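Student: Residue numbers (my numbering), protein chains in the order written: chain R, 1 to 404; chain A, 405 to 808.
These are computed hints drawn from the structure, not numbers from a lab. Any given hint might turn out to be false.
[Claimed, not checked] Heads up, incomplete: computed chain A residues facing chain R, CB under 7 Å, no partners named:
1. P514
2. N522
3. N526
4. H529
5. C533
6. L540
7. M560
8. K561
9. E574
10. E582
11. K782
[As the list claims (entries may be wrong)] Label pairs and their computed distance ranges (CB to CB):
12. R:D171 - A:S737: 18 to 26 Å
13. A:N441 - R:H80: 16 to 24 Å
14. R:N78 - A:Q761: 22 to 30 Å
15. R:A334 - A:N692: 30 to 38 Å
16. R:H89 - A:S737: 45 to 53 Å
17. R:K2 - A:D698: 38 to 46 Å
18. R:N40 - A:P780: 42 to 50 Å
19. A:Q581 - R:T382: 29 to 37 Å
20. A:R777 - R:H80: 48 to 56 Å
Model, not experiment: these values are computed from the prediction. We put the CB at the ideal spot given by N, CA and C, even for glycine.
2 protein chains.
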Amino acid sequence: MKIMVLGGDGFCGWPTSLHLSNLGHEVIIVDNLSRRNIDNELEASSLTPITPIGMRLATWQELTGKRIDFHRIDVAENYHRLLTLIKEHKPQAIVHFAEQRAAPYSMKSPSHKRYTVNNNLNATHNVLCAIVESGLDIHLAHLGTMGVYGYGTAGMKIPEGYLPVEVVTEDGERVRQEILYPANPGSIYHMTKTQDQLFFAYYAKNDQVRITDLHQGIVWGTNTNETSSDERLINRFDYDGDYGTVLNRFLMQAAIGYPLTVHGTGGQTRAFIHIQDTVRCIQLALENPPEKGDRVKILNQMTETHRVRDLATLVSDMTGSEIAFVPNPRNESAENDLHVKNDLFLELGLNPTTLSQGLLFEVTEVAKRYAHRADPSKIPCTSTWTTKQQAGKPKEGVLDTVSS
Amino acid sequence: MKIMVLGGDGFCGWPTSLHLSNLGHEVIIVDNLSRRNIDNELEASSLTPITPIGMRLATWQELTGKRIDFHRIDVAENYHRLLTLIKEHKPQAIVHFAEQRAAPYSMKSPSHKRYTVNNNLNATHNVLCAIVESGLDIHLAHLGTMGVYGYGTAGMKIPEGYLPVEVVTEDGERVRQEILYPANPGSIYHMTKTQDQLFFAYYAKNDQVRITDLHQGIVWGTNTNETSSDERLINRFDYDGDYGTVLNRFLMQAAIGYPLTVHGTGGQTRAFIHIQDTVRCIQLALENPPEKGDRVKILNQMTETHRVRDLATLVSDMTGSEIAFVPNPRNESAENDLHVKNDLFLELGLNPTTLSQGLLFEVTEVAKRYAHRADPSKIPCTSTWTTKQQAGKPKEGVLDTVSS
Chain R
1 MKIMVLGGDG FCGWPTSLHL SNLGHEVIIV DNLSRRNIDN ELEASSLTPI
51 TPIGMRLATW QELTGKRIDF HRIDVAENYH RLLTLIKEHK PQAIVHFAEQ
101 RAAPYSMKSP SHKRYTVNNN LNATHNVLCA IVESGLDIHL AHLGTMGVYG
151 YGTAGMKIPE GYLPVEVVTE DGERVRQEIL YPANPGSIYH MTKTQDQLFF
201 AYYAKNDQVR ITDLHQGIVW GTNTNETSSD ERLINRFDYD GDYGTVLNRF
251 LMQAAIGYPL TVHGTGGQTR AFIHIQDTVR CIQLALENPP EKGDRVKILN
301 QMTETHRVRD LATLVSDMTG SEIAFVPNPR NESAENDLHV KNDLFLELGL
351 NPTTLSQGLL FEVTEVAKRY AHRADPSKIP CTSTWTTKQQ AGKPKEGVLD
401 TVSS
Chain A
405 MKIMVLGGDG FCGWPTSLHL SNLGHEVIIV DNLSRRNIDN ELEASSLTPI
455 TPIGMRLATW QELTGKRIDF HRIDVAENYH RLLTLIKEHK PQAIVHFAEQ
505 RAAPYSMKSP SHKRYTVNNN LNATHNVLCA IVESGLDIHL AHLGTMGVYG
555 YGTAGMKIPE GYLPVEVVTE DGERVRQEIL YPANPGSIYH MTKTQDQLFF
605 AYYAKNDQVR ITDLHQGIVW GTNTNETSSD ERLINRFDYD GDYGTVLNRF
655 LMQAAIGYPL TVHGTGGQTR AFIHIQDTVR CIQLALENPP EKGDRVKILN
705 QMTETHRVRD LATLVSDMTG SEIAFVPNPR NESAENDLHV KNDLFLELGL
755 NPTTLSQGLL FEVTEVAKRY AHRADPSKIP CTSTWTTKQQ AGKPKEGVLD
805 TVSS
């Protein structure tokens, strides 16, 4: 299959590109290198020593003989280059990771809010518009987020995208309907993903574009079979206050002897998935596209749920690290339950990597190995969700534990 | 009250600005004149002879002694000028009309789709972001559309924004919830308004911005008490294939002896409101803002529903015009019922202008009076909803009857 990967240089995009290439697909990466540029802005960098995209691709070809094309295009800004590329290459599928993906970054300032909205919404719309204008029957697989659902309703399992409800009519009649799960985003970033869903629903309905939306949990782990085959292919590992996801940051904190920073009570329950399962899920999604004319196919791309303080305890028990409870910069409930359906991927044959299997490996092989590269000053999260919180924020900065 | 009107030079914005000014409010118009520029692009113009914004404002001051400020700012592009203006003027309310508002225009080409998405979403987000950044407690009243609801469900009255539903939990327990009415937009334009709703829900929740979203029906009529007080204040009347709304176009077609063009069976039921009621509704919305911390206040801004072919018959009976049935460029059901709640405005004292009262006046005072200005070549709608329709479109162009 010919597959275009938008955002193919990023944390999920890079291992996905290698995984698909390794399976024998022809992969074309489109990326504007925005994630590397944001590292420059934040004066932060990956804990792991990632190489430039040119060296990544040359290494892959040297090792496997497989060639991956790369085009530096800003998908949100340069519609016509994207369209031309699609018309030239005629991919059967496009995987769309080309969005700003950190909730704390999206809340940093008005300009970061506006960048996230403008970039994410125009990127998604440009891809859809270009698929229709190309006249090609291309399957679009998009990385959504579990955050579109909000953080769950007591007693109810979060379904895969669609919620069956009953509406009572004027005549007292009950009408059963299946609706898109009512959106309840917790940040500007998450909000853009709920707006993406409306793009998808519209283009599936009006233009019969085949679309799969993958609502992913928080990704943990660093490498996949492919990215660990040579150090020059290593994947990013973010630990800074904006891009570091909770579990990876605990691992890094443990490795450098920094306390594991838990927000509020740590009572937030979140969904998780290992990066190796991410790339496998995308493979499965591409192998099982919806039919033309179908509604958007939505799958929950997660394998486990955990309470943040339980994760901290797990890592603490494994490493002897201290746990520090700090104020929560987010505007959310202190405690929540979360039950999530993920039957669709399990039925397709996903065999999850569990925390209990993989965590110790991450501690020793990644976090400890590269601990000398860590800059502890980048750990605190300086983004807060409201100006009120900013005013009341402790001088040393509020620490963030979750981001997806 | 000090009120900023974004899009205050447009079809709804101009009469609203005059109405609010006449009530004694201090009005500041912000507009990039995009609607006049689109006239240049489409080589079309208002049936009525609208004057430039400078002459409009000078005339208003000459007649009433009241001054309305005007700033030519692109709200979607120039965030910092908008923010500065808000900080300088400290308005108590902002009325937001600054969006591309024609469904057929939004479907004209990929570039029109992309313009509508980029303009409407960035405009709305910039306004919200600027309100939060200003630190002021400003009530935002936004013009939404009945189109966010789709075209109704048999037997069910469309509520005002929120739908009570029952969800069945894993334990078989029924949980009642009130959710934002599931969006079902019929065009790119309507889709942007459903995405606006998610901006509003988020900013009301996270930042306690006070927001009213007015889901307006198709506006008919041309003038209000204020715009009819001097010909230099006259409001626009669009009859072209992109911007002309169904009833106004029937009136103009009758006036120039062109057949009344009905799409398909004309079985589409739509909601309507007279422009005089539009300005009164906005006044009522501004006088009755939500409290800080409330969810978004949603009101249906419409007064009657009619089937398109019944409207054609009404105008035909009144004028002796022929009716011509032509292919429908839209991707929609041929026939639909529509029942809409509008209790909130009626409770606030709205006393609707009905079609039966106002229609004959429009025919004689506007359509016939300015019929000599009509260019019949601009009547056909050349936008179609899908490329398939484009391929099958009759040579003489498909005619459009509805737009809102």
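Student: Of the numbered hints stated previously, which ones are contradicted by the structure, given in increasing order?
Tutor: Per hint list: 6, 10, 11, 14, 16, 17, 18, 20 violated.
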